[in-house]
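Peer 1: Chain residues, written in single-letter form:
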Amino acid sequence: MSFLKAFQYKRRNSLIHRLDPRSKFLLSLVLMTFSIVFIDIRVLIAILTLQLFLIGLARALKEWVYSLRGLIFFIIIIFITQLLFGGTLFMGIVLSIRLIVLSSSMSWFFLSSTPEDIGRAMSSARFPIELTFSFVMAIRFIPVIYNEFQSIYDAQRSRGLELEKGGFRTKVRNLMPILIPLLVGTIRRTYEIADAMEVRAFGASPKRTSYKLLKFKKGDYFLCLVSAILASAIIYLKIFLGLE
Amino acid sequence: MNAVDFRNVSFRYAGSEKEALANINLKIEEGESVLITGPSGCGKSTIAKIIMGLIPHSYTGEFSGEAYVFGMNILENPVSNIATKCGIVFQNPENQLFTFSVEDDVAFGPENLALPPEEIRKRVDESLKLVGIEHLRYSSPNNLSGGEQQKAAIASILSMYPSLIVFDEPTSMLDPSSSINLIQSIFRLKEELEKKGGRLTLIIIEHRIGLLLDHVSRIIVISDGRIVLDGEPLSVLYESFKKKIPINIPPILQIYFRIKDRCGLEKPPKNLKELFSYLREASSEKHG
Amino acid sequence: MVEITVENLFFKYPDAEKYALKNINFTIKEGESIAILGENGAGKTTLAKNLNGLLKPTKGSVKIDGVDTRNLSVAKIARKIGFVCHNPDHQFFAETVEEEIKFGLKNFGFTENEIEKSLLDVLKTFGLEEYRHKSPFQLSGGEKKRLAIASIIVWRPELLILDEPTIGMDYAQRLNIQNVLKNLVSEGKSIIVITHDVDFAVSLCRRAIVLSGGEIVGDGCLRKLLSNPEVIEKASLRKPFLIELEEEIGFSVIDEDFDSISESLIRVFDKCHS
Chain A
1 MSFLKAFQYK RRNSLIHRLD PRSKFLLSLV LMTFSIVFID IRVLIAILTL QLFLIGLARA
61 LKEWVYSLRG LIFFIIIIFI TQLLFGGTLF MGIVLSIRLI VLSSSMSWFF LSSTPEDIGR
121 AMSSARFPIE LTFSFVMAIR FIPVIYNEFQ SIYDAQRSRG LELEKGGFRT KVRNLMPILI
181 PLLVGTIRRT YEIADAMEVR AFGASPKRTS YKLLKFKKGD YFLCLVSAIL ASAIIYLKIF
241 LGLE
Chain B
1001 MNAVDFRNVS FRYAGSEKEA LANINLKIEE GESVLITGPS GCGKSTIAKI IMGLIPHSYT
1061 GEFSGEAYVF GMNILENPVS NIATKCGIVF QNPENQLFTF SVEDDVAFGP ENLALPPEEI
1121 RKRVDESLKL VGIEHLRYSS PNNLSGGEQQ KAAIASILSM YPSLIVFDEP TSMLDPSSSI
1181 NLIQSIFRLK EELEKKGGRL TLIIIEHRIG LLLDHVSRII VISDGRIVLD GEPLSVLYES
1241 FKKKIPINIP PILQIYFRIK DRCGLEKPPK NLKELFSYLR EASSEKHG
Chain C
2001 MVEITVENLF FKYPDAEKYA LKNINFTIKE GESIAILGEN GAGKTTLAKN LNGLLKPTKG
2061 SVKIDGVDTR NLSVAKIARK IGFVCHNPDH QFFAETVEEE IKFGLKNFGF TENEIEKSLL
2121 DVLKTFGLEE YRHKSPFQLS GGEKKRLAIA SIIVWRPELL ILDEPTIGMD YAQRLNIQNV
2181 LKNLVSEGKS IIVITHDVDF AVSLCRRAIV LSGGEIVGDG CLRKLLSNPE VIEKASLRKP
2241 FLIELEEEIG FSVIDEDFDS ISESLIRVFD KCHS
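Chains as they are written, first to last, in our numbering: chain A, 1 to 244; chain B, 1001 to 1288; chain C, 2001 to 2274.
In short, the hints are calculated from the structure, not lab data. Just so we're clear, the structure is a prediction, and the values are computed from it rather than from any experiment. Quick reminder that beta carbons are idealized off the backbone N, C-alpha and C, glycines included. Any given hint could be a false lead.
[Claimed, not checked] Just the calculated beta-carbon pair ranges, DEER-fashion:
| # | chain 1 | residue 1 | chain 2 | residue 2 | range |
| --- | --- | --- | --- | --- | --- |
| 1 | B | E1029 | C | D2015 | 27 to 37 Å |
| 2 | A | V172 | C | T2005 | 30 to 40 Å |
| 3 | B | Y1013 | C | V2268 | 44 to 54 Å |
| 4 | A | L213 | B | E1029 | 55 to 65 Å |
| 5 | C | L2120 | A | Y66 | 43 to 53 Å |
| 6 | B | R1262 | A | A194 | 51 to 61 Å |
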């Protein structure tokens, strides 16, 4: 369950964090398009370098490396299929980099935007309020539920439960004493949260105002400009130079 | 006007055989500070949920009787209507904060009411100040202590400008010094509001009577879904002592109730020192 | 018999900057009843989890019967040192009270006969016989707490650690837990109670370990420590009512039994009417 830690949002205040999530999202999309459109290793490496620079600016390199761990499994699959279906080792490397660029475009955005900013961006894009709040609250309660998991795990270990022991079936059965209290507790929590939201008039008015509004600043216009230039680069490289 | 007016209210939760509340008649006037106490599972929280309209609107079960808060019939008003007059602070502070900064949480209610942003800002400023947590404005709930989280929860209720706040065991997850601190800030806040000409009714549900005895003007004891005692604090406690109702009577009163007649004590002592000086007085009078 | 030796224990959580426990030293011997006192965040639970191997020291050592906890599995320690967590809901998962109690016994490999016998014993001692086939989720708050303790005590650990046994309990429930634990102590069982309820501690424990900011600010006779204004101030505690009473009245009061306290008061001031 320690992977949940990757979601534990830490408040940072970098140049990138202060930008409007909408402009960051735009750039993310453009960078992602590169990894989808191109398979040319030079382009991919250039974009990866740019991404590393952006992640560095957001002071989130450590978390980025952590997020790469989740990709190892897919990279292994890439290499196996390449070898099985007559691809080359080089092609395996290129595809892996492509995957890293694709995932980094997203992780850069999520690592440098606060959940509430993303929530605000969602509501300014007219997402339904229920959806926006589900998103913000899911992230808010992940560490809380993680702590609860830890307490439950400790309580059951203190009663002699050993997860490491036994074969696959025993292991699955041994998970029950942890999963059941966690599930019961989470359901109870959901009810309590729902009550607390309701008594603060959640859903009272379909209009709902937002007290802090997102505002485009100079940096955001700059980011949009960069996105526009990169987008034209995609067109130029693909159509005029015919890069793969 | 009555802040709360229950007429023959009964409620049975769906799936339960027993009534959680049976035939409750209860009037609480505007501006009162009332303590509701009684053994766990006696129905105290059910009363709180009815005041907010959560029962019967969000909980299934059998509701009968009539309940009014500030003249609003809870059956005819959605919870969001009642929420503009009444607020509630629950037991578990971490489940009452949904965002990543105290400020956003305090703004949450007014945002739902679709108030203009300037008005919301004003309310957020005021509420944080009343509870004394301006310094926590930008903190994330994940980094606050239980006591601080509970204060943030109070601030986020205050921003709704309620005339009544119900506290459902607000200190049961806090340590003794944070509990005392929280109770003090609740009553300080009432005073502040009243200085400004506002009025606030407080209903506090709590086991630890000693924490609140100096602050409330009325105690209601619930047992098995019924009101068994209701009135001025000292006489309610004396009655429950005589009837052996298992509630948490402060130790000093436990002794006072046992010896007051035999030793001719008229006033309850505030602490042990006072008790002993009364006793000395009483005995010297008799022998002197 | 179990003996715990804590030497120069320092503990830091993986992501934390500061130590949660600093330079902790003490020994726990058989038959002791100890209260670990202190404010929220003083490190009480962290200390308890270091004692039963759920957490391992960052520096220094915790030894159980001479063996470092780093070389012992949690299960192995749990057999000797039972830990009752503060929230019973964190441990219930079985369909019946009976299964809940049997869980530990099965994990520790007790035989069918032993399991049956221990189950019946503990159901009786904790007054849970009528709930045997009920779901643990249907019990009331006080019953849940009793079941939580019962499901640990059933394998007869030599030492029992309880984390905040009275939190959220009402008057009657608290009294009930107090009696259950008093019986255990009078049977000679060693217990450690983590609590900030000083009145509860004074009626149950002889020794106190007082923590503040991760350090021990007092270790010794509980009554002495809790009548020491300096210790009380440092750990933001409160003088227990019984001790206050003793100081005023001049003789010792063992129990929070108000009938007998009142009688003795009347006797002292025998000039009152009788």
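Peer 1: Hint by hint, work out which the structure violates, then give me just those numbers in ascending order.
Peer 2: 1, 4
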